[in-house]
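Chains as they are written, first to last, in my numbering: chain A, 1 to 767; chain B, 1 to 417.
FYI, nobody ran anything at the bench for these hints, they're computed from the structure. One thing to keep in mind: the hints can contain errors.
In the BS3-like style, the derived pairs of lysine-lysine whose C-alpha atoms are separated by at most 27 Å in a straight line are [what the hints assert, rightly or not]: (1) 4(B) x 574(A); (2) 480(A) x 188(B); (3) 4(B) x 154(A); (4) 185(A) x 176(B); (5) 176(B) x 176(A); (6) 324(A) x 343(A); (7) 451(A) x 176(B); (8) 176(A) x 188(B); (9) 480(A) x 11(B); (10) 176(B) x 480(A); (11) 580(A) x 11(B); (12) 371(B) x 176(A); (13) 33(A) x 59(A).
A short list of chain A residues far from chain B (calculated; beta carbon distances all over 10 Å) [unchecked claim]: (14) 10; (15) 31; (16) 247; (17) 280; (18) 420; (19) 447; (20) 453; (21) 541; (22) 568; (23) 599; (24) 643; (25) 648; (26) 739.
Some, not all, of what chain B presents toward chain A, calculated at C-beta under 7 Å [unchecked claim]: (27) 3; (28) 180; (29) 232; (30) 236.
We treat Cβ as the ideally placed atom computed from N, Cα and C, and that holds for glycine.
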Amino acid sequence: MKLKKNLQEILIDLKINDHFKENIVTWKTIEAKNAQTVSLPENLHPALRESLGSKGIEKLYTHQKKAYDNIMDGNSIVAVTPTASGKTLCYNLPVLQSILSNPNTRALYMFPTKALAQDQKSEINEIIQAAGMDINSYTYDGDTPANIRQKVRKAGHVVITNPDMLHSAILPHHTKWVSLFENLKFVVIDELHTYRGVFGSHVANVIRRLKRICRYYGSNPVFICTSATIANPLELAEKLTDEKMVLVDNNGAPSGTKHFLFYNPPIVNKPLNIRRSATLEVRKIAGELLKNKIQTIVFARSRVRVEIILTYLQELVKNQLGPKSIMGYRGGYLPTERRRIEKGLRSGDIYGVVSTNALELGVDIGQLQVCIMTGYPGTISSAWQQAGRAGRRHGEALVIMVASSSPLDQYIIQNPEYFFNKSPETARINPDNLIILIDHMKCAAFELPFKADEKFGNVGTQELLEYLTEERILYQNGDKWYWMNDSFPAHNISLRSASQENVIIVDQSDVANARVIGEMDRFSAMTLLHDEAIYLHQGTQFQVEKLDWEEKKAFVREVDVDYFTDANLAVQLKVLEEDKVNRLEYAEIGYGDVSVRAMATIFKKIKFETHENIGSGPIHLPEEELHTSAAWISLNKSFTEMGQERLEQGLVGTAHALNHIAPLFVMADPQDIHVIPQVKADHNEKPTIFFYDRYPGGIGLSEKIHMGMPEVFAETMKMIKSCKCQTGCPSCIGTDTVSETSKNDTLNIIEAFINPSVLNEVVKECH
Amino acid sequence: MSLKNKLNRLKPHISGGVQGVTSKDSPETSRVEIPYLSIWEGENVTPYYMDQDYCLIREVKYPLSQKHGHYYFHDFLRAVEIWNKQPINHPLSAEGHTAEELFFFDTETTGLGGGVGNTIFLLGYASVAGDNLVLRQHILPHPGAEVPLYQSFLEQVNYKTLVTYNGKSFDWPQVKTRHTLVREHVPKLPAFGHFDLFHAARRLWKHKLDRLKLAVVEKDVLGIVREDDIPGYLAPMIYFDFIESKQPDGMLGIIKHNEIDILSLVTLYTHLTFQLCGLDSNQTRKEYFEVGRWYASLGEKGEAVKVLTKLVEGSDYTSLQAKLTLAYQSKKEQNWEISLPLFLEVADAQDHQLSPDACIEAAKIYEHKIKDYKLALDYCLMAMEIAGSTKVSDPKTQQQLEHRLKRLEGKFAKFPR
Numbered sequence: 001m002k003l004k005k006n007l008q009e010i011l012i013d014l015k016i017n018d019h020f021k022e023n024i025v026t027w028k029t030i031e032a033k034n035a036q037t038v039s040l041p042e043n044l045h046p047a048l049r050e051s052l053g054s055k056g057i058e059k060l061y062t063h064q065k066k067a068y069d070n071i072m073d074g075n076s077i078v079a080v081t082p083t084a085s086g087k088t089l090c091y092n093l094p095v096l097q098s099i100l101s102n103p104n105t106r107a108l109y110m111f112p113t114k115a116l117a118q119d120q121k122s123e124i125n126e127i128i129q130a131a132g133m134d135i136n137s138y139t140y141d142g143d144t145p146a147n148i149r150q151k152v153r154k155a156g157h158v159v160i161t162n163p164d165m166l167h168s169a170i171l172p173h174h175t176k177w178v179s180l181f182e183n184l185k186f187v188v189i190d191e192l193h194t195y196r197g198v199f200g201s202h203v204a205n206v207i208r209r210l211k212r213i214c215r216y217y218g219s220n221p222v223f224i225c226t227s228a229t230i231a232n233p234l235e236l237a238e239k240l241t242d243e244k245m246v247l248v249d250n251n252g253a254p255s256g257t258k259h260f261l262f263y264n265p266p267i268v269n270k271p272l273n274i275r276r277s278a279t280l281e282v283r284k285i286a287g288e289l290l291k292n293k294i295q296t297i298v299f300a301r302s303r304v305r306v307e308i309i310l311t312y313l314q315e316l317v318k319n320q321l322g323p324k325s326i327m328g329y330r331g332g333y334l335p336t337e338r339r340r341i342e343k344g345l346r347s348g349d350i351y352g353v354v355s356t357n358a359l360e361l362g363v364d365i366g367q368l369q370v371c372i373m374t375g376y377p378g379t380i381s382s383a384w385q386q387a388g389r390a391g392r393r394h395g396e397a398l399v400i401m402v403a404s405s406s407p408l409d410q411y412i413i414q415n416p417e418y419f420f421n422k423s424p425e426t427a428r429i430n431p432d433n434l435i436i437l438i439d440h441m442k443c444a445a446f447e448l449p450f451k452a453d454e455k456f457g458n459v460g461t462q463e464l465l466e467y468l469t470e471e472r473i474l475y476q477n478g479d480k481w482y483w484m485n486d487s488f489p490a491h492n493i494s495l496r497s498a499s500q501e502n503v504i505i506v507d508q509s510d511v512a513n514a515r516v517i518g519e520m521d522r523f524s525a526m527t528l529l530h531d532e533a534i535y536l537h538q539g540t541q542f543q544v545e546k547l548d549w550e551e552k553k554a555f556v557r558e559v560d561v562d563y564f565t566d567a568n569l570a571v572q573l574k575v576l577e578e579d580k581v582n583r584l585e586y587a588e589i590g591y592g593d594v595s596v597r598a599m600a601t602i603f604k605k606i607k608f609e610t611h612e613n614i615g616s617g618p619i620h621l622p623e624e625e626l627h628t629s630a631a632w633i634s635l636n637k638s639f640t641e642m643g644q645e646r647l648e649q650g651l652v653g654t655a656h657a658l659n660h661i662a663p664l665f666v667m668a669d670p671q672d673i674h675v676i677p678q679v680k681a682d683h684n685e686k687p688t689i690f691f692y693d694r695y696p697g698g699i700g701l702s703e704k705i706h707m708g709m710p711e712v713f714a715e716t717m718k719m720i721k722s723c724k725c726q727t728g729c730p731s732c733i734g735t736d737t738v739s740e741t742s743k744n745d746t747l748n749i750i751e752a753f754i755n756p757s758v759l760n761e762v763v764k765e766c767h
Numbered sequence: 001m002s003l004k005n006k007l008n009r010l011k012p013h014i015s016g017g018v019q020g021v022t023s024k025d026s027p028e029t030s031r032v033e034i035p036y037l038s039i040w041e042g043e044n045v046t047p048y049y050m051d052q053d054y055c056l057i058r059e060v061k062y063p064l065s066q067k068h069g070h071y072y073f074h075d076f077l078r079a080v081e082i083w084n085k086q087p088i089n090h091p092l093s094a095e096g097h098t099a100e101e102l103f104f105f106d107t108e109t110t111g112l113g114g115g116v117g118n119t120i121f122l123l124g125y126a127s128v129a130g131d132n133l134v135l136r137q138h139i140l141p142h143p144g145a146e147v148p149l150y151q152s153f154l155e156q157v158n159y160k161t162l163v164t165y166n167g168k169s170f171d172w173p174q175v176k177t178r179h180t181l182v183r184e185h186v187p188k189l190p191a192f193g194h195f196d197l198f199h200a201a202r203r204l205w206k207h208k209l210d211r212l213k214l215a216v217v218e219k220d221v222l223g224i225v226r227e228d229d230i231p232g233y234l235a236p237m238i239y240f241d242f243i244e245s246k247q248p249d250g251m252l253g254i255i256k257h258n259e260i261d262i263l264s265l266v267t268l269y270t271h272l273t274f275q276l277c278g279l280d281s282n283q284t285r286k287e288y289f290e291v292g293r294w295y296a297s298l299g300e301k302g303e304a305v306k307v308l309t310k311l312v313e314g315s316d317y318t319s320l321q322a323k324l325t326l327a328y329q330s331k332k333e334q335n336w337e338i339s340l341p342l343f344l345e346v347a348d349a350q351d352h353q354l355s356p357d358a359c360i361e362a363a364k365i366y367e368h369k370i371k372d373y374k375l376a377l378d379y380c381l382m383a384m385e386i387a388g389s390t391k392v393s394d395p396k397t398q399q400q401l402e403h404r405l406k407r408l409e410g411k412f413a414k415f416p417r
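Same shape as in the complex, but just chain A:
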């Protein structure tokens, strides 16, 4: 009889088993760390002391104490701590202490998702109930029953919500929340690092509105932020809240031993340098672990990938564990489904979960032993967050990052020191993005009239107020601007997605009983929910029968096929306005506004297992237009010796490589910034590479690229050169280029871009 292996045995197996050990290119052991503690604050309320005691807490970790002292002194703080370091006590302690000494005190907790809010309510209520304190804490979200909403508004000491709810339900109805806003002493912003990019820029404006309403009711709350490790927590917190912050990063929490493995799948096609698919390798490793009933979380980068891996794994272990013991978890599932999965993980009924980055956040799923990443998650910060899912508190844990063939993955896996030593990415937001700003100015005007000299953000309001008046949305009377429109502005503005409207996915397998099974943002829907697309949901395949673009509905029916679909997006770009141009001897570096037009063109059917192309079809969807900001670099050299075709392929190769390296520099999801080449750019007729923000108006990513252009190109060159292939492969310049000379041409082109004299000039210009 075969005995089940435990984690120790698995670790030994990985070290000696030929199937695995050859592919493990890095094995880093992160040593366990002891706790650093100090005694509880002396003036701590006896009830609170008693409650902590009943949970076995007699001392505080050093970071908890520093947070407590600063908050009690009235300072806003940002605490940076790893997963499971007791960060919740950083805010619960001072908040509860303040409520105990003055029952009128109110606190608002904001979590990025409803799931986290639910978790936190249980956690804070445990502390409250342990000592029978008379403190009410409630969640307030879309699920809150109407009959207790009134109670939450009037009597909730701690109101736990999410930014979307704050934006569309609380702030626009602030008159129903007078007792909260008059007495608001604390605003807690957990998972600060998630508020970056477009979402963060929106949330910064929601906070501007919150502070504006607080001022109206005469309160001036302290902000308490907690964040996972990023390069600039202090800057992000200050930019998001517009408050001076104290950084708390003296983490005193203990942690167990962690084995961090880089796993590079074997090369299966030497000439093309193609490696075995990461998905298939993950199936092998995860299958092994799950067969031994070792609780494992598998992360995948896209929703489709999650569903594919899930299908594989459920198939693999269905006889031993039953299909329900491995579940998928991602955005697009309905909340009840998600709650069930979270519970199953905590109770141990579910052994494995396959997730998108949705589970990076602090949703409480208990301690898992192993974390497997299917490909590099895109940012250092994200990778550490995912790794934190394994072995949250004590004991040994295993983290395996399986690289894909993508240039970024190969760069990371071949440069482990980059990953382990480099500080994580900088989180960027641009609250003054005009589109985002103006949307929130509307909401703010709806909430309270604007006064003539009032500030909102860093852009003068005068001109914006005049614009909104001309647009017949505001009405000026004397020195005040009033909302004068019959709409409810917050309902038309979504914080989460670039496009305003999501596509609803309707399952009509049972004609009489059609039901909504999920939703997707419009841009993703173009390539994932087009007619005939195979859409995967909890491992079940659905085919899209009709995508009603007007009504934003995709009608799907369950099918059983052996392929998935992959769609192409054709992109056109035009420069509208050059804001900055540096004309150098060899190149021209610009930054400005561009118009991007994207259209889904065709899709391919790709067979499971072999991943071969077994058919294709056209996609008939209207073009989507985007006005945004972009950075670009144009060559003055004409490359006549190379010829038009080779130049074009070289540029495509360059763009392919840049597309993967660029996100490294701007802590963006890879889909937030795009790179496209043009042999002859419309505006200057030169070979040009564009980097643009995938959000109307831009969110500052391409601006950062503009500043760091030489560095981006230098790293890209290094990546291509270190690739072992001969003439170009998916891991460096991609496979869209087919000729023998592509790789060399690409390198020549990049060299021209970073011609030493150009480089020097650029560096000089930029500093």
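Could you slot chain B onto chain A? The hints should help.
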């Protein structure tokens, strides 16, 4: 590039809501000077000044002998009298109030949803004073003049009870919201009770009206005919136009619309009272049944039985409904002797809608109280038969019935009579 140019280019990405009103010249200078004052005065509108600002108040008096729809305004006095004479516990009862204390109230706003930014620009109400029904409307002449608006409104009103149409969930919360914004400057909002006629209308006429908008009730129930009425949904547009142009014309249409709404509330309250107290000779059996059912759900047993018993005679659907409602009422009081024959009558009527439930109830009584499992089994089978022959029976009921049947078969086998 200037911000405005940028904004204009980004326009397609900026979310909607671009119908509103421009004000190019600030009306600063015309603060105390009231545009088109003579037109306003011709419409019984007078300004109410406060500090540097003002609002407008329209006042109209109607003699109580005036008819609006099927009723005279003085019928309303009778309605109040009726409630005060018979102590029935009912949410619309005016017991303890004089007619003068009732306050018929309706607002006009710049939006349909709630939220702080939805501005109330007209507060209208009517109440009885002497031989007249006095109607007053407080009008917001421009955004920002809310202090005089609420000040004048709160000064003039002297009431204990508010009568509205859906005011409980819309008008009054909105008044509270807007009042919060000026609460530093004007008196506190009084707390008071509330008669919401919308809920009453829904109870009584849901069976015959598709929509329960006040305009529909007016036309189909109250016999009120509106001439040249401006539909309420245009109110925001007209108001935005008014604050720009200051021209009273469009506003006068909205004011008229609001006035009829309020007068109709008086007629509606009167009619509802007559319905509830059985004084309307044109009342249909269906309406009367809804009245009985309402009393039953309120726990006004005496009234419910009185009304429903009158409906039991006959063999129409309404009489079956009345029997079933009475049967349930007796069941609640554990009065099996009365409820069983009523359930049986409804069961034997073989009505697709009502009989299955009656069969099940009869089966329950036979099973648990009388312990006659054979009869219980019979009625359970009958329920299945009737329910099975209709297409509408829901699977859950079917399942429960099958479960019950199985149990009864077991019991019957064990204890045959």
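Hint check results:
1. Simply put, residue 4(B) and residue 574(A) have alpha-carbon atoms about 21 Å apart, close enough for the 27 Å limit, and the pair holds.
2. Pair hint residue 480(A) plus residue 188(B) holds up; C-alpha atoms about 25 Å apart against a cutoff of 27 Å.
3. Note on residue 4(B) and residue 154(A): the hinted pairing is violated, with a Cα-Cα distance of about 42 Å set against a maximum of 27 Å.
4. Using a Cα cut-off of 27 Å, the hinted pair residue 185(A) and residue 176(B) holds, with the two alpha carbons roughly 25 Å apart.
5. In summary, the hint linking residue 176(B) to residue 176(A) is supported, as the alpha carbons are separated by about 9 Å, within the 27 Å threshold.
6. At most 27 Å may separate the alpha-carbon atoms for a hinted pair to count; residue 324(A) and residue 343(A) meet this at roughly 13 Å.
7. Distance restraint check for residue 451(A) and residue 176(B): the Cα-Cα separation of roughly 23 Å lies within the 27 Å cut-off, and the hinted pair is therefore satisfied.
8. The hinted pair formed by residue 176(A) and residue 188(B) meets the criterion: a straight-line CA distance of about 15 Å does not exceed 27 Å.
9. Distance check on the hinted pair: residue 480(A) and residue 11(B) sit about 24 Å apart at the alpha-carbon level, within 27 Å; holds.
10. In summary, the hint linking residue 176(B) to residue 480(A) is supported, as the alpha carbons are separated by about 22 Å, within the 27 Å threshold.
11. As the CA atoms of residue 580(A) and residue 11(B) are separated by approximately 23 Å, the hinted pair is consistent with the 27 Å bound.
12. A hinted pair counts as satisfied when its Cα atoms are at most 27 Å apart, and residue 371(B) with residue 176(A) does not qualify at roughly 56 Å.
13. With a C-alpha separation of about 17 Å, the suggested pairing of residue 33(A) with residue 59(A) holds against the 27 Å cut-off.
14. Its beta-carbon lying about 48 Å from the closest one in chain B, residue 10(A) satisfies the requirement of being farther than 10 Å from that chain.
15. With 10 Å as the threshold on Cβ separation, the claim that residue 31(A) sits away from chain B holds: the shortest Cβ distance comes to roughly 50 Å.
16. Listed as a non-interface residue, residue 247(A) keeps its Cβ farther than 10 Å from every Cβ of chain B; the least gap is roughly 34 Å.
17. Every Cβ of chain B is farther than 10 Å from the Cβ of residue 280(A); the closest lies at roughly 41 Å, confirming the non-interface assignment.
18. Every CB of chain B is more than 10 Å from the CB of residue 420(A) (nearest about 41 Å), matching its label as outside the interface.
19. A Cβ of chain B approaches the Cβ of residue 447(A) within 10 Å, the least distance being about 5 Å, so the stated non-interface status is violated.
20. Even its closest Cβ contact with chain B, about 15 Å, leaves residue 453(A) beyond 10 Å, as expected for a residue assigned away from the interface.
21. Annotated as non-interface, residue 541(A) keeps its C-beta farther than 10 Å from every C-beta of chain B; the closest such distance is 28 Å.
22. Against the 10 Å criterion, residue 568(A) stays outside the reach of chain B, whose nearest CB is about 24 Å from its own CB.
23. No Cβ of chain B comes within 10 Å of the Cβ of residue 599(A); the nearest lies about 16 Å off, and the non-interface call holds.
24. Here residue 643(A) stays apart from chain B, with its beta-carbon at least about 38 Å from theirs, past the 10 Å limit.
25. For residue 648(A), the condition that its CB be more than 10 Å from all CB atoms of chain B holds, with the nearest at approximately 31 Å.
26. Non-interface call for residue 739(A) relative to chain B: holds, since the shortest CB-CB distance, roughly 40 Å, exceeds 10 Å.
27. The restraint placing residue 3(B) at the interface with chain A holds, with a minimum CB-CB distance near 5 Å, inside the 7 Å limit.
28. The restraint placing residue 180(B) at the interface with chain A holds, with a minimum CB-CB distance near 4 Å, inside the 7 Å limit.
29. Checking residue 232(B) against chain A: minimum C-beta separation of about 12 Å lies over 7 Å; hint violated.
30. With a least beta-carbon distance of about 4 Å to chain A, the hint placing residue 236(B) at the interface is held under the 7 Å criterion.
In the structure shown, a violation is registered for the earlier hints numbered 3, 12, 19, 29, in ascending order.
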